[in-house]
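Sequence lines, in order, name chains A, B and C.
Here this note's numbering is used: the first residue of the first sequence is 1, the next is one more, and so on.
Here this note's numbering is used: the first residue of the second sequence is 1001, the next is one more, and so on.
Here this note's numbering is used: the first residue of the third sequence is 2001, the next is one more, and so on.
The set of hints was computed from the structure by calculation and includes no laboratory data.
If you're wondering where the values come from, they're calculated on a predicted model, not measured in any experiment.
Some hints could be false.
[Said to hold, decoys possible] Which residues of chain A face chain C? A few of them, derived with a C-beta cut under 10 Å, are:
no. : residue
1   : Ile155
2   : Arg156
3   : Arg223
4   : Ser264
We treat Cβ as the ideally placed atom computed from N, Cα and C, and that holds for glycine.
Residues per chain are reported as follows:
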Amino acid sequence: MKAALTALVVGLALLLMIPAASFLYEAGGPDACARCHEMGAAVGEWRHSTHRGVACSACHGDALTTDVRFHLTNAGRVIGHWRGEAGVKARLGPAQVREMLVRCRRCHEQEFASWSQGPHAVAYRSIFLDEKHNSSRHLMDDCLRCHGMHFEGGIRDLVEPLSRRGPWRLRRAELAEEPAIPCMTCHSIHRRGARHEDRRLEAKVPGPRQEKFRPSLAFFDRRSQAHVEAALLPLPAMHDRGRPVRISPDPRQALCYQCHAPLSTREVFSGDDRTPVGVHEGLSCLACHEKHRQTTRASCANCHPRLSNCGLDVEKMDTTFANRSSKHNIHTVKCADCHPKGVPPRRQRALTSAD
Amino acid sequence: MIPSSQIGGGSLKRRTFLASSAAAAAAGCGRKPAAAPGYRFLTPEEADTLGAWVDTLIPPDEDPGAREAGVVHYIDIQLTRWFRKHQSDYRAALSAIDRWSWSRRGRAFALLPLAEREELLVQMEKGKAPRDLFPDGGRAAFDLVLAHAMQGFYGNPRHGGNRGYASWKMIGVPPMPVRGREHYSAAETFPERS
Amino acid sequence: MPLPKVDAVIIGAGAAGPIVAKELAFVGWRVVLLEKGRWYTPADCRKDDLRNQRNPTLGYPFGPEEEGNPRVIVELNGRERVVKPSEPGYNNNAFCVGGGTLSYGAMAWRFHPNDFRMRSTYASKVPRAFENSTLEDWPIGYEDLEPYYEKAEWEIGVSGDVSGDPFKGPRRRPLPMPPLPPTREHEILEKGARRLGLHPFFIPMLRNSVPYHGRPACMRCRWCVGFACEVDAKNGTQNTVLPMALATGNLELRTECSAKEILVDDHGRATGVAYFDREGRLWEQPARYIVVSCGAIESARLLLNSRSRLFPQGLGNRFDWVGRNLQGHTYTGANGLFEEIVYDDLGPGASIAVCDYVHGNPGLAGGAMLANEFIRLPYQFVSGIRDPDVPRWGRAHKEFVRRAYRRIIPVQGPTQEIPVFESRVTLDPKIRDRFGIPVARLSGYRHPHTIEVSEYMAERAAEWLRASGAVKVWLRRAGRGLSAGQHQAGTCRMGRDPKTSVVDPWCRIHDVDNVYVVDASVHVTNGAYNPVLTIMAIAYRAGDHLAREGRRA
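Sequences are here, hints too, so could you generate the full structure?
Below, the structure written as structure tokens:
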């Protein structure tokens, strides 16, 4: 009896010990969090960030969170801290990056919905188990630079076999439906910036100045396991067979260019590049592509109210980039594509005066 | 390819440096001083002194100086990790330079204007600092802090320094170049061998 | 604890071991490959400028681990220091699968035909190079290695264009891949070289310029030498011959296994290898043949640690030659400051070379290939390149970095060293590693003639930079202390006479007919070039020989 009681007390104590670490974090609010120096940088950034009105616990959970792994991670960190094994800074593991999706969604419902309908919501299964891709191209670690960048480990820890024969499977089956390019690929939550309160501030004018430059925009660099803010990312100086190509100065595009990247030759359409040339040269990616869903639907109408400059109905053209042979490939179309003998003088005048 | 033995790290004369730290340890009490808020090892006074020191080595101009770029944090973090063996060296050197500053200028080192801080560091670099404070004249401590300051300012931000890639911005090197990869079909290259 | 006997056990999975393993596995031998370090992949490329194989400020990512692997270095003044891997003087190469080839710069040079006959070439012309030196001819020549150079170039993969090098030895096939397009530095230096009447050309590199053998082309990032390649475009043994060998099913690779000694029976034949696994358990791997491929320092250390009744001085060391003639390369050159921006952010950076000064320098024995240096990260620049007229710190220094970072071209070359008998690896009588095995003790110096040649090379580099338009040039000189590092070589010299060498021309130890040393240890001299392709060619040749001549179980 006595032994059973002791066991019960010890058991209860142990049970309480687990969330105790989580309690320890939140006991004093943000300052308590910042007391652990490995968290100091994150809390410092948060203080000046867009999300400074959101409490730590709203995203990171608290003592009442029911997920056992969450508490175990916290307990592990506290132990690590006291043993002097703490890292330079606390960073989110892959599981936590996944959980962030749900947390971002709480406030950013619309962005989330939009993203989840777009190509960037692609799941690990579609990227890494694609038969057509895997039988013609090699799976390699570098794939993870732009897909599954939050995965901990190399390609050999993710997919097997690493041959072109298949059948392929994910070594961790639970990843199959997980998004391979989650919010935290392009957003760093703690990034310094002004708080967005008034949504009416976002201008109605399309193009690069469509909205304020979001301070959270940052690319997750898998190699250094850190975000690099968009303002520090370069826009490449592109060339089209020797001719320098005009590029929109929209700094948000620098994020796109990290993955939709040209080769070091900077030739348009080399590698994964999609820099527009021709009549749409100089437009920002985001002038046409919706930022979360990437759809271009109806974006033509932003500039071509009803008709194109040529009097054609742009909505009925085959404008897709995927069809390289289309005469109206929106990334390449030139005046001369439709006017092989040169643009008629009347149109020329209309075009230059409109410009 | 440069053999690593030829790349200049911070070569330091440990023996002389240890002697100075032993002197300081003897002077101080045995208890471990409390680190400043947000720091792991340095006390508030030490962080100030070191900040002034590294800002003399890499002063702010149109670009951030060492302190603003987080060099003190870099050193502080590494003092509990990779530079643990230098803890006593730092403790001794930071206290020595401050005492020297008080005795010579009547002020803490952290409060001296740049030119006066420079003057003291020049003496140390030449090994001409007072021997009762720095047994080797200050050269070892100077070289150690110089090497660490350069690492913290020009190295990768993941270690706590070079905040916001300040130095890379200064020299015009983007942190992440735009680099795509050639697409190729595996059949074009080489048959699998298994 | 003894394990089942195999045909061959190879110790060390660096530049040479996996090649021998592949040659043997392909003819059906059962082979065990032991490697002290781990197997890293491109996923382990962390692009950390303070923690890589060329800058261990915060340690080496690809080994050895900082604790438990000390060495002792004896300095010129006789002072001894116990050094950890990241400390100056350790003379590290990587400890991992692929060895140095995982993170190297990957220059793929064939030695010059005269590099194999330094005595014949210079004995009468430059007698002072032979005073207090062990400068000697190799027992084999360029023509013996030529087919194996070719095999290495095609099987492991080399890009470049050496057709513009009139000084090269004869070759039957061109390189399998074209060079990467020239960088701005290349174009500037090419004009300068032509102005001087030199013969510039594209450096051969073990790096894909086009997709090759199932891996992509270099994407020209700036994290190159010292780093594992992010896109796996750099060809080492870990991503070429080793997967091929493993695919045969005949090779077993055991990582994190540290050899303790080679076991020898009472008849003077080796029976196997004793090694510690990652948990520190001691195992015995019996084998018919033992191949030692640990690099010049560790191979010598293993042989010296393999003492037995018949070999009380260590295996192959009857005449005290094991560990002798430790050498590397004496790098000297010059940095040139230009008015215009020369930095174009394209890796690997090194691109153009001249071989006009490899031999035939007036009054000197040997010389060096000269090339522009690999691309530099900011901290590498700050710690390695400074105008001597600029202070080391303060406003002027910051201004110098800001302005000069993108305006400096370094040119340098590996001066062929004159081997010295007293530059050597021995065992330290006191210091031991984490398994209790005596550690390597390095002592010695560079031959004065090496310094003389290296000074001449620095002047040539400066001349080249000036002719290319540099507005200011300053030299980079060498110290006189021991040289080994990543290019370490020479400690188990190849020769025909057992009294003055350790292994025979097939890399077999003179004393013991089933132990081979296959790595740069066997180099009699280390050439005027980066040595890795020669190490690989020797490994192909030794592996080929063993596969044909060896007796299987």
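Hint-by-hint comparison with the structure:
1. Of the supplied interface hints, the one on Ile155(A) holds, with its beta-carbon coming within about 7 Å of a beta-carbon of chain C, less than 10 Å.
2. Interface restraint check: Arg156(A) against chain C, minimum CB-CB distance 7 Å, threshold 10 Å, status holds.
3. Below 10 Å, beta-carbon pairs count as interface contacts, and Arg223(A) has one with chain C at about 4 Å; its hint therefore holds.
4. Here the hint on Ser264(A) is kept, as its CB sits about 4 Å from the closest CB of chain C, short of 10 Å.
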